[in-house]
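Novice: Could you fit the two chains together into a complex? Lean on the hints.
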Amino acid sequence: MLYRETGQFKTNYASDMAIFPIRQDRIAFWGLLAVAFIAVPLLDAMQIWPFGGEYLLRAILIPFLILSLAAVGLNILTGYCGQLSLGSGAFMAIGAYSAYKFGTGVHIPLDWFAISILPLPVLPSILLGGVVAALVGILFGVPSLRIKGLYLAVATLAAQFFFDWVFIRIQWFTNYTSSGSVTAPALNFFGVTVNKPIERYLLCLIFVTVVALLAKNLVRGNIGRQWMAMRDMDIAAELMGIRPLYAKLSAFAISSFVMGMAGALWAFIYLGSWEPLAFNIDRSFQILFMVIIGGLGSIMGSFLGAAFILVLPILLDQVPHALGIPISVETVSLLVFMVTGALICWLLIVEPHGFARLWLTAKEKLRLWPYPY
Amino acid sequence: MVIFGQFLEVLISGLLAGVLYSLVALGFVLIYKASGVFNFAQGSMVLLAGLALVRALDFLVTKGFSFWAAVVVGLVFAATIMAITAWLVERFVLGPLINQDGLTLFMATIGITFILDGGAQMLFGSDVYPLPLFPSDAWFLLENAFPGGILVSKIDVFGGLIAAALVVGLALFFQRTKTGRALRAVADDHAAAQSVGISLNWIWFIVWLVAGLVALAAAMVWGTKLGVQFSITFLALKALPVLIIGGFTSVPGAIVGGLLIGAGEKLAEAYLGPAFGGGIEYWFAYVLALVVLLMRPQGLFGERIIERI
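Read top to bottom, the protein sequences are chains A and B.
Sequential numbering of the first sequence, starting at 1, is according to the working numbering.
Sequential numbering of the second sequence, starting at 1, is according to the working numbering.
Among these hints, one or two may not hold up.
Said to hold, decoys possible - Counterexamples of contact, computed for chain B against chain A with all Cβ distances above 10 Å:
1. Thr80
2. Leu151
3. Leu166
4. Gly180
5. Arg181
6. Leu240
What the hints assert, rightly or not - Keeping only pairs whose Cα atoms sit at most 20 Å apart, straight-line, the calculated SDA-like set for lysine to any residue is:
7. B:Lys33 with A:Leu150
8. A:Lys148 with B:Gly102
9. A:Lys148 with B:Phe174
10. A:Lys148 with B:Pro297
11. A:Lys196 with A:Tyr55
12. A:Lys148 with B:Thr249
13. A:Lys148 with B:Ala268
Hints listed in this document are in silico derivations from the structure and should not be mistaken for laboratory results.
Just so it is clear, CB atoms sit at the ideal spot from N, CA and C, and this is done for glycine as well.
The shape of chain B in the complex, shown without the other chains (with noise of 0.2 Å):
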């Protein structure tokens, strides 16, 4: 029984770090469905949006405004930047690069990187900030089936409330709106959605704004855990073995593969780890990636690739 409950504790873990995988993937999905563009700068966004909200609540802390209260009046803050964020890489990086092939976008949000990761530490300063945004303590459950109980991370579970939050406030902007049906539109076909009247300058600041938004609630999460700092930004390369799995255009596939990454890096740290010497966490998910891509070259829910001459 011990045996199973260590192995039930070690597979919860892991599904709720793989949901926390999700969330920075996610943004990458939405700016890969909707403008073809692998945004490398996902992290960096998350790095941005987390430093805006938590220097922003200790500003306020200081000046005497209420915890809560300064939470909402950050969060808008970290906002209003992302959309800033938004408006500027649609206005001068990605708007001139129309129609260029997808390594040129790829390397220019490698430089769009560069310049948040920069920038951002520029504005708000490069320490570690703690953000104390949910408990930090876990709870033990199923106590009497198991000794000592199966010991469960609250940030984690509140990760995992947010994300499936995400996902449900995502699905249906996306099929109940306006703007989602044109979000749509142009992920289908550019030239058809640009000919029926949707701007794809204004989809494309949209959908930035959006992934700036989730990168925002990444933030929330990650800046809980490890405290906001630069080394958030390799979230970025964590979530990129689960969008392989997941597929590129996929946000349900985004969910699952953060869950099996999530759920196999920790099993396999914790089984197969002592053999390997330890540490195989940190090349396990891309194995893993590589694996899922020899048998299905699309990841497990993009769309199949059809290649004609």
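Just chain A, same shape as in the assembly (with noise of 0.2 Å):
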């Protein structure tokens, strides 16, 4: 009854192309975005429930968004563009540590001469490092002109090794700190210094909605299409005049600048200080699986998909202490491991295409609840 566009009619062409077209979505849309920048600010300002303290913010809602925003990366990439790569971790490691360089001042003695760029503000670093993580992707995307499917996979394991070495081993990156372990420069923004949670939490959350309707027009458009193309026959779209060089390649790129991008987020914003192991393989794995989980070949879905497996560990965590079950804290972090993993089996069982596909089911549900005749 509620979610139905029965009368609503497509008078222009821009009503016919709107990212939403039926008038339910917009406005759930738009209350969600209403929620998200003035709810929660606000919810957050009286500390009403579950607000208190700022665990809500800093342990769930900020990783989420920085986690969603490297899931929408990868999603490009495997889910558009049908390359799937094990390397998240590492294009993420490069936007954080390039980042972490501008920020701090790059300087390349050589021989003869020395190259020098004097610190950058925060935002424009943050972009930076977006870039410098592209321009990287594309260089590892090359093998995929030539190689396909868990081949591909096994090759961009090469980046994320080797790249987990140079910030391992290559101290320039990390300014000859002794223990490895680097500290973010002061987040100052137009001269506005981020520091409370809350402030965090927006600054993600602009990141966030601004790359994620660009990866929305981005899909739809040409170059997406090209994507999809290549992700189900390479061959026929070759046939039919899409340049697998440019396609592939810009897929690679965009995909590693806003992986990038995720990554000096997380490094600057949740972080603060970092070890290079905080962008170790189990990084690549954790985002994608929220890819997967959430529905290869959505936007919407990288967001569920990266609820689903950020929030599932801590709320089980908090199960047998909830339940009063006196159980040592190994056995919960070995519990946590299983629960999680056949959970993952389950979904794959019941849903192999992810939340995205459970939620188009709902949506064809309702649009006939209740007389589905």
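Specialist: See the structure below:
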């Protein structure tokens, strides 16, 4: 009854091409934005449950937003262009460390002269971090022109392990700190210092909203259609005049740009100070899980997947405690491991196309509800 | 002569280490051949088999069994555990996922990895357990040809022997038995195999069981070398470049790939490592695999990929 597009006529091209062609979807979208941009800060300012303290913002909302951003990035590559990648952690690391270097000043001493760039403000550093990640992404995307599927996945592992090593061993990237751990510069945006969790949250939210809208429009347009043609069958796409070089490498570049930015945000805003370990192979798998559980080839799915993969262990952690079952911390962590694995298997069996497909099914049902004839 | 002796020593230790990688890669190849599943859980299966073996062994030895009797009982116990795992995996995960695409199956095996990692450590404990199956000292060979001789670790030699025995055994199993023939039929074409009365579920159980036994063999060698511990699961990641170089579908490929990776890695660390600041062992195998892929996209021994529209 509530969710039905009957009577909503499209009378011009603009309404035909809208991102959300159904009015109810538009209302839900603006409602969600209003909650995220207005209600959350208000509730936080009033310290109403569940915003008491900073736990919800610090441990759930901020990482959720940043990891969704990374998942959107990977979804462009894996979901839309069909190139399986296990190197997302590496691209996040490249983004984080490049942003760090730009934020603290780049100095490359060569034999007869030296290249020096003064420390940049935070916003350009983060964006440049994304750009550097995009360039490296293009480089590691070149093998995709020749190899496919799981073989390509293993090739992207090369990027993961190589950059793990680079950031541990090459001290130039960490400004020669003895411990190998680096600290982000002060978060100063146009004269405003971002420090409180709610400010950090809003900053991430702006990034995520802008990038998600851009990504949504990209995948609806010319380039997105090229990616999807590549994914569905590359030889056929090539015969139809799509250039694989351009289509695949642009997917690698844009996806790495988004992941690099996510990495920079993760390091600067969520972690504050970090070690290369923060971007190891586990991170790559975590983001791949988000994309697959959420739904390949769906921007909204990336958010749903990120929420599921991030919140599930946190919730599971609380269960034995809430039930008053006395078991050791170690057993709990092992249990969480097992239950997460089992839930992933179960979800894959029930709905191999992820949450996005579940939502589509629900939408179909809602349109006919309550008279499905 | 000293330089050549060093080279030989690095080469031999690399080749033997490579054989140990092949042990893990073999399990991957078996499952991929028979079911098209890229089994990421192979490393966790090594952990599970190793933990089952070492804990049974410790238990029996404290009960007063002689060491070798305990080893035999422990092996039987671990094999039983692997059989149960194979049955559970087939029954509850892969069975319901028949006909899904490769990526979904791959993700499902990562899910299985989580379950096995958590379950194995919960059942058998999560410490480092030493497994003294093979002597841990070394031989010195050719002492009159080179000053100091060439150092060869005994564990590696035993590992090589076990790998050789496994390859011969697997070859006989695949070529000479009825089940082996059925396995090859399934690998060729699922539908055709089903139509002549081969049960896919049974075949997949058998394949996972064989992969579990290969994992047990790998656990015996790696457990002796490093102690049975969680980090053994990272072997799965080390086995991936081996697979790439050898090709996903070739048993001899897994062995040759292992040898190439092992020797290449050790030689690179010894001769190129100092120039890069050390530790290049960590990524060398992957970059080597990448280079091989650029030249031969299906690996050295893989079947040619033919694509039609």
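Novice: Next, verify each hint and record whether it holds.
Specialist: Results for each hint:
no. : hint                   : in the structure
1   : Thr80                  : 21 Å, holds
2   : Leu151                 : 27 Å, holds
3   : Leu166                 : 23 Å, holds
4   : Gly180                 : 25 Å, holds
5   : Arg181                 : 27 Å, holds
6   : Leu240                 : 5 Å, violated
7   : B:Lys33 with A:Leu150  : 14 Å, holds
8   : A:Lys148 with B:Gly102 : 12 Å, holds
9   : A:Lys148 with B:Phe174 : 29 Å, violated
10  : A:Lys148 with B:Pro297 : 8 Å, holds
11  : A:Lys196 with A:Tyr55  : 12 Å, holds
12  : A:Lys148 with B:Thr249 : 16 Å, holds
13  : A:Lys148 with B:Ala268 : 28 Å, violated
Hint compliance for this structure: hints 6, 9 and 13 are not met, and every other hint is.
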